[in-house]
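There are 4 protein chains.
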Amino acid sequence: MSLRILVWNENVHETRGDATVLGHYPHGIHTAIADGLRELLPDARVETATLADPEHGLSQERLDDTDVLLWWGHIAHDEVSDEVVDRVQRSVQAGMGLVVLHSGHFAKPFIRLLGTTCSLGWRNDGDQERVWTVDPGHPIAADVPPRFTIPAQEVYSEYFDIPKPDDVIFLSTFAGGEVFRSGVTFTRGRGRIFYFSPGDQEYPVYHQPEVRRVLANGARWVAPVNGRALPEVVALQRGWLEEDAGR
Amino acid sequence: MSLRILVWNENVHETRGDATVLGHYPHGIHTAIADGLRELLPDARVETATLADPEHGLSQERLDDTDVLLWWGHIAHDEVSDEVVDRVQRSVQAGMGLVVLHSGHFAKPFIRLLGTTCSLGWRNDGDQERVWTVDPGHPIAADVPPRFTIPAQEVYSEYFDIPKPDDVIFLSTFAGGEVFRSGVTFTRGRGRIFYFSPGDQEYPVYHQPEVRRVLANGARWVAPVNGRALPEVVALQRGWLEEDAGR
Amino acid sequence: MSLRILVWNENVHETRGDATVLGHYPHGIHTAIADGLRELLPDARVETATLADPEHGLSQERLDDTDVLLWWGHIAHDEVSDEVVDRVQRSVQAGMGLVVLHSGHFAKPFIRLLGTTCSLGWRNDGDQERVWTVDPGHPIAADVPPRFTIPAQEVYSEYFDIPKPDDVIFLSTFAGGEVFRSGVTFTRGRGRIFYFSPGDQEYPVYHQPEVRRVLANGARWVAPVNGRALPEVVALQRGWLEEDAGR
Amino acid sequence: MSLRILVWNENVHETRGDATVLGHYPHGIHTAIADGLRELLPDARVETATLADPEHGLSQERLDDTDVLLWWGHIAHDEVSDEVVDRVQRSVQAGMGLVVLHSGHFAKPFIRLLGTTCSLGWRNDGDQERVWTVDPGHPIAADVPPRFTIPAQEVYSEYFDIPKPDDVIFLSTFAGGEVFRSGVTFTRGRGRIFYFSPGDQEYPVYHQPEVRRVLANGARWVAPVNGRALPEVVALQRGWLEEDAGR
Numbered sequence: 001m002s003l004r005i006l007v008w009n010e011n012v013h014e015t016r017g018d019a020t021v022l023g024h025y026p027h028g029i030h031t032a033i034a035d036g037l038r039e040l041l042p043d044a045r046v047e048t049a050t051l052a053d054p055e056h057g058l059s060q061e062r063l064d065d066t067d068v069l070l071w072w073g074h075i076a077h078d079e080v081s082d083e084v085v086d087r088v089q090r091s092v093q094a095g096m097g098l099v100v101l102h103s104g105h106f107a108k109p110f111i112r113l114l115g116t117t118c119s120l121g122w123r124n125d126g127d128q129e130r131v132w133t134v135d136p137g138h139p140i141a142a143d144v145p146p147r148f149t150i151p152a153q154e155v156y157s158e159y160f161d162i163p164k165p166d167d168v169i170f171l172s173t174f175a176g177g178e179v180f181r182s183g184v185t186f187t188r189g190r191g192r193i194f195y196f197s198p199g200d201q202e203y204p205v206y207h208q209p210e211v212r213r214v215l216a217n218g219a220r221w222v223a224p225v226n227g228r229a230l231p232e233v234v235a236l237q238r239g240w241l242e243e244d245a246g247r
Numbered sequence: 001m002s003l004r005i006l007v008w009n010e011n012v013h014e015t016r017g018d019a020t021v022l023g024h025y026p027h028g029i030h031t032a033i034a035d036g037l038r039e040l041l042p043d044a045r046v047e048t049a050t051l052a053d054p055e056h057g058l059s060q061e062r063l064d065d066t067d068v069l070l071w072w073g074h075i076a077h078d079e080v081s082d083e084v085v086d087r088v089q090r091s092v093q094a095g096m097g098l099v100v101l102h103s104g105h106f107a108k109p110f111i112r113l114l115g116t117t118c119s120l121g122w123r124n125d126g127d128q129e130r131v132w133t134v135d136p137g138h139p140i141a142a143d144v145p146p147r148f149t150i151p152a153q154e155v156y157s158e159y160f161d162i163p164k165p166d167d168v169i170f171l172s173t174f175a176g177g178e179v180f181r182s183g184v185t186f187t188r189g190r191g192r193i194f195y196f197s198p199g200d201q202e203y204p205v206y207h208q209p210e211v212r213r214v215l216a217n218g219a220r221w222v223a224p225v226n227g228r229a230l231p232e233v234v235a236l237q238r239g240w241l242e243e244d245a246g247r
Numbered sequence: 001m002s003l004r005i006l007v008w009n010e011n012v013h014e015t016r017g018d019a020t021v022l023g024h025y026p027h028g029i030h031t032a033i034a035d036g037l038r039e040l041l042p043d044a045r046v047e048t049a050t051l052a053d054p055e056h057g058l059s060q061e062r063l064d065d066t067d068v069l070l071w072w073g074h075i076a077h078d079e080v081s082d083e084v085v086d087r088v089q090r091s092v093q094a095g096m097g098l099v100v101l102h103s104g105h106f107a108k109p110f111i112r113l114l115g116t117t118c119s120l121g122w123r124n125d126g127d128q129e130r131v132w133t134v135d136p137g138h139p140i141a142a143d144v145p146p147r148f149t150i151p152a153q154e155v156y157s158e159y160f161d162i163p164k165p166d167d168v169i170f171l172s173t174f175a176g177g178e179v180f181r182s183g184v185t186f187t188r189g190r191g192r193i194f195y196f197s198p199g200d201q202e203y204p205v206y207h208q209p210e211v212r213r214v215l216a217n218g219a220r221w222v223a224p225v226n227g228r229a230l231p232e233v234v235a236l237q238r239g240w241l242e243e244d245a246g247r
Numbered sequence: 001m002s003l004r005i006l007v008w009n010e011n012v013h014e015t016r017g018d019a020t021v022l023g024h025y026p027h028g029i030h031t032a033i034a035d036g037l038r039e040l041l042p043d044a045r046v047e048t049a050t051l052a053d054p055e056h057g058l059s060q061e062r063l064d065d066t067d068v069l070l071w072w073g074h075i076a077h078d079e080v081s082d083e084v085v086d087r088v089q090r091s092v093q094a095g096m097g098l099v100v101l102h103s104g105h106f107a108k109p110f111i112r113l114l115g116t117t118c119s120l121g122w123r124n125d126g127d128q129e130r131v132w133t134v135d136p137g138h139p140i141a142a143d144v145p146p147r148f149t150i151p152a153q154e155v156y157s158e159y160f161d162i163p164k165p166d167d168v169i170f171l172s173t174f175a176g177g178e179v180f181r182s183g184v185t186f187t188r189g190r191g192r193i194f195y196f197s198p199g200d201q202e203y204p205v206y207h208q209p210e211v212r213r214v215l216a217n218g219a220r221w222v223a224p225v226n227g228r229a230l231p232e233v234v235a236l237q238r239g240w241l242e243e244d245a246g247r
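Chains as they are written, first to last, in UniProt numbering: chain A, 1 to 247; chain B, 1 to 247; chain C, 1 to 247; chain D, 1 to 247.
Next up, chain A with everything else stripped away, as it sits in the complex:
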């Protein structure tokens, strides 16, 4: 079965008519992200959903039919219903992959899954962002250069309040000397999470080939490889060992 990817975007800057955002993304950030994934993962099924859809486009049925969810949110985190957040959290714990983008560091599902404040430093002056690969053998770094430049981007900077990541794949620096752990992974239950910070709505970041490559690699990497099952309490039985040994 091909990879089933769902790109979620709050789509609020766009529907409010923000000219800068619409200039870069006339059909919404989600569409640009989805286009990039389709280009690099031609066998995947790539769909999109937005906040304004019924149940934000994230019904249980939809999540059950999704291997990988990408999440872009910024100014409407609070409008995401707690019921949907519960659902997303459980889906990840059961094995659905999650790729959280940029300002999604404050998205409800991300904060819930990580348990930290996810706060950070920021500054928006259109700085160049330098992205450095610090785990070159990691699948998410495949075909990504040792370093690449994003011409203009919002600054995200340490201290980034996240748990110790499983993997730190990318570090970013900015003209002001700031540094950020810009590509990190986590595991929650059977689910894998990849956070990638480049992608502010004011800059055309998701059109850049290196960024598209990272997102495609990330989507493939978080995809479940061992089925879907929510971890549950198991009442063990005395003597199971002996039976088991009778195999």
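These are calculated hints, taken from the structure and not from any lab test.
It is possible that some hints are incorrect.
[As the list claims (entries may be wrong)] Heads up, incomplete: computed chain D residues facing chain C, CB under 8 angstroms, no partners named:
(1) 93
(2) 112
(3) 115
(4) 120
(5) 123
(6) 157
(7) 186
(8) 230
(9) 233
[What the hints assert, rightly or not] DMTMM-like mimics (lysine to aspartate or glutamate), calculated; alpha carbons at most 20 angstroms apart, straight line:
(10) C/164 <-> B/232
(11) A/164 <-> B/166
(12) D/164 <-> B/166
(13) D/164 <-> A/166
(14) C/164 <-> D/166
(15) C/164 <-> D/232
(16) B/164 <-> A/232
(17) C/164 <-> A/166
(18) D/164 <-> C/166
(19) A/164 <-> C/166
(20) B/164 <-> A/35
(21) B/164 <-> D/166
(22) A/164 <-> D/166
(23) A/164 <-> B/232
(24) D/164 <-> C/232
(25) B/164 <-> C/166
From the three backbone atoms N, C-alpha and C, an ideal C-beta is built for every residue, glycine too.
Place chains B, C and D on chain A using the hints.
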């Protein structure tokens, strides 16, 4: 300033008059734990609090005056108010140490901080528990033998649904062949968390010297070493580097 | 290009005519391992090499043509030439995957790559080994049951002196209450390492389906995904950023 | 017993009469480092040793009497005898703490303990180095500001070929946009290792208060807390469990 420790116990088995529990712990589990800490950390200030206290004994003022909170809960997790859970979570993120014991794997603050289901396998047949030290250089393992036996204890078994721990210090096995990551650590913000699984209410585990040693080591290890501050969003200023360089 | 796998075995028990070993593995342990890989990875090219081959069958040319090297050794670790060990170490650092089996915990390349003594506890009484999956979302755990039993196997036990693993995927227990981190991963440079402890020569472990599944998963997982390149010192140039930004 | 610290320096730039180095460190880099440690750890015993001393000042007796060894080397790594390197490696595995400084990333004991090439990018143009704390709750970060500036320093840059660190405490950036994991920890056996990159011989880095604070914290943190013992193979006995249970 001496270490300020607060031992929290739901204290429900005891107040309901459970004869087994009261047989082992006539003054409550919290009192036995506190006694062990006082014995091994004579310079510490050790206090106790229970669910029935106003605000469960966990007012903001009290938490601000606490370096390390130990948590024992079992049948009344749901009775802990969400407001107090928020408070505990923020206190840990700001640097307060947290030691979670046994059935506290399902305590609200633990689940909130970890982001997983924290489910596990269990069986209660009074098995011996073998505790193995697998990180002998870790401070929590100081003066703990390479392996020790708890004569009778409830079985907790894998799969234990927790994020990848920062440290795995102890592994436990049981007569039925079960295995459990019984001593693990996590970091959330500035706060350190130590989970230690031995300690079911039906067995006198907290009177055992090796267990008391582990708890004392754990309390010392999670204690904050760099002040208390909740991580916050920081708006950086262009040019801070240049000013900074003028030092 | 299909996965290029090389199974290395010292092949000394076999050539000395050890009846027990030959009873289980008439064509050598390497042949049984290779058969298992061919069965589960039909598209892979699976070859074998042994200590007695010229350069132990591990010439630079051969290693350059290998994606994944599996290593079984026991009584002849010291007969492996340091030159070949250097070569294997560099190949792993450059990206070649390495799967180390059972008594290979004391193989020269493993010790060199890990930097620890790799010592452990052991006992050989034909105990049942219980293998528990503790990272069910990991690709190496795909299609492996939550727990399975190896009917008879040498006991390996903690303390196992290895660096903190990147992933702990399997834990094993034995009838005597022992526990062992039996499936663990490490990264060195661009290369991935998977150590799996079941597989003593006196028991027919490599014929067991679950074990074959783990080895096939492990081989696939350690395979390089981002080319082969030995990390090197790079003399940076002032001003590279500005040029880079001219993209 | 007070902390027993030994500061080792190859002391070659100094004895060759390098005017820049002697300008900053008239009594050698080791003396400046030792002075800083004495200032901040007044209860510690701080001694020094250099390459030219008999056995490089690192006899087995001396190492057995040392809790923490700091290592500064640059142009004479190859002159350190393999016998001494073996000794240092075993001492760390047994519990001695090791703090490796700057160009010591290529010191024989460090490479041996880590198992990687430890190569990196570099450029020496006197850039400012910004050191960011990314693990503010870590004891090595105690009383270290969230970020501080080293006015002039050699650039070290990613990709730094080290295993995944246990902790990443500091990240550094440079005027050219480079980034480096400048403060990282590892565990090998019972021993803890802290690597800290600032400290090129051409700049007076070890006189700077923040750097002195980091080194003092690092020395305290790597110090053994659970005795000294080289991990060894242990032959277990059938039935030990039953005896053990007779406690």
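Hint by hint, here is what the structure shows:
Interface hint at residue 93 of chain D: satisfied, since its Cβ lies 6 angstroms from the closest Cβ of chain C, which is below the 8 angstroms cut-off. At about 6 angstroms, the closest approach between the beta carbon of residue 112 of chain D and any beta carbon in chain C falls short of 8 angstroms, and the interface hint on this residue holds. Here the hint on residue 115 of chain D is kept, as its CB sits about 4 angstroms from the closest CB of chain C, short of 8 angstroms. Interface restraint check: residue 120 of chain D against chain C, minimum CB-CB distance 7 angstroms, threshold 8 angstroms, status holds.
The interface hint given for residue 123 of chain D is met, as the beta carbon of that residue sits about 4 angstroms from the closest beta carbon of chain C, less than 8 angstroms. Interface restraint check for residue 157 of chain D: the shortest CB-CB distance to chain C comes to about 6 angstroms, inside 8 angstroms, so the restraint holds. Because the beta carbon of residue 186 of chain D sits about 7 angstroms from the nearest beta carbon in chain C, less than 8 angstroms, this interface hint is met. Evaluation of the residue 230 of chain D hint against chain C yields a held restraint, the C-beta minimum of about 7 angstroms falling below 8 angstroms.
Annotation: interface hint on residue 233 of chain D holds; nearest CB of chain C at approximately 5 angstroms, less than 8 angstroms. With a C-alpha separation of about 31 angstroms, the suggested pairing of residue 164 of chain C with residue 232 of chain B is violated against the 20 angstroms cut-off. Proposed proximity of residue 164 of chain A and residue 166 of chain B is supported: the alpha carbons are some 7 angstroms apart, at most 20 angstroms. Of the supplied pair hints, the one linking residue 164 of chain D and residue 166 of chain B holds, its CA atoms being roughly 12 angstroms apart against a limit of 20 angstroms.
Taking the CA atoms of residue 164 of chain D and residue 166 of chain A, the gap is about 9 angstroms. The hint holds against a cut of 20 angstroms. For a cut-off of 20 angstroms, the pair hint linking residue 164 of chain C to residue 166 of chain D stands: about 7 angstroms separates their Cα positions. With a C-alpha separation of about 17 angstroms, the suggested pairing of residue 164 of chain C with residue 232 of chain D holds against the 20 angstroms cut-off. The suggested pairing of residue 164 of chain B with residue 232 of chain A holds, with an alpha-carbon distance near 17 angstroms, which does not exceed 20 angstroms.
Straight-line distance between C-alpha atoms of residue 164 of chain C and residue 166 of chain A comes to about 12 angstroms, which keeps the hinted pair within the 20 angstroms bound. Note on residue 164 of chain D and residue 166 of chain C: the hinted pairing holds, with a Cα-Cα distance of about 7 angstroms set against a maximum of 20 angstroms. Proximity of residue 164 of chain A to residue 166 of chain C is assessed by CA-CA distance (about 12 angstroms); at most 20 angstroms being required, the pair is judged to hold. Restraint check for residue 164 of chain B and residue 35 of chain A: not satisfied, since their Cα atoms lie roughly 34 angstroms apart, outside the 20 angstroms limit.
Distance restraint check for residue 164 of chain B and residue 166 of chain D: the Cα-Cα separation of roughly 12 angstroms lies within the 20 angstroms cut-off, and the hinted pair is therefore satisfied. With a C-alpha separation of about 9 angstroms, the suggested pairing of residue 164 of chain A with residue 166 of chain D holds against the 20 angstroms cut-off. For the suggested pair residue 164 of chain A and residue 232 of chain B, the alpha carbons sit about 17 angstroms apart, so the restraint of at most 20 angstroms is met. Restraint check for residue 164 of chain D and residue 232 of chain C: satisfied, since their Cα atoms lie roughly 17 angstroms apart, inside the 20 angstroms limit.
Proximity of residue 164 of chain B to residue 166 of chain C is assessed by CA-CA distance (about 9 angstroms); at most 20 angstroms being required, the pair is judged to hold.
Of the numbered hints stated above, those contradicted by the structure are hints 10 and 20, listed in ascending order.
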